[in-house]
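As numbered in full-length UniProt numbering, the sequence shown has no gaps in its residue numbers, which increase by one up to the final residue, 145.
None of these hints come from the bench; they were simulated from the model.
Be careful, since some hints might not be right.
As the list claims (entries may be wrong) - Taking CB as the label site, the calculated pair distances span:
id, residue 1, residue 2, range
1, R60, N6, 40 to 48 Å
2, A27, K74, 24 to 32 Å
3, L13, E86, 15 to 23 Å
4, R104, E19, 37 to 45 Å
5, K46, H106, 53 to 61 Å
6, F17, H106, 17 to 25 Å
All C-beta atoms, glycine included, are put in the ideal place defined by N, C-alpha and C.
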Amino acid sequence: MKTRLNLTRLAELDRQFCEFAKLRLHATPRCGWAKTVRLALGMSSKALGDRLGMTAQGVRKLEQAEADASITLKTLMRLADGMDCEVHYVLLPRTSLLEQVVKRAHEVAGGLHEVSPRTRQLSTEPETLEMLGTLFAQASRRGFW
Numbered sequence: 001m002k003t004r005l006n007l008t009r010l011a012e013l014d015r016q017f018c019e020f021a022k023l024r025l026h027a028t029p030r031c032g033w034a035k036t037v038r039l040a041l042g043m044s045s046k047a048l049g050d051r052l053g054m055t056a057q058g059v060r061k062l063e064q065a066e067a068d069a070s071i072t073l074k075t076l077m078r079l080a081d082g083m084d085c086e087v088h089y090v091l092l093p094r095t096s097l098l099e100q101v102v103k104r105a106h107e108v109a110g111g112l113h114e115v116s117p118r119t120r121q122l123s124t125e126p127e128t129l130e131m132l133g134t135l136f137a138q139a140s141r142r143g144f145w
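Whole structure, please, built from the sequences with the hints as guidance.
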């Protein structure tokens, strides 16, 4: 598959990620989300185990694996399903995707300029996206990242 920089898509993803970024303010509970939700439901580990066809001890091991970030997505989905929950995950960029691309373009061009607040503001305007798209189309894609 040919890799192509799509600035319009990057801008749209950046807008969507703004909503997810609000979740960063809420830290993951120390005991993990699975145990937190189970306890909030008033469900015992035995009751959840019965729903999943496993022992209470097995449930506690899975909850610990989730809290330690060593659980697989498939197992987490099974655990969530036992509590009538869904698992959604997202790769949340630390900075704007457009900022990352513009910063990298500056680095590739030999400059180590910071991305200005004005650039951030302009990066959502259609004319700017078109101009940046033309600029990036001229840049060598091989070795960009």
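Which hint numbers does the structure go against, in order from smallest to largest?
4
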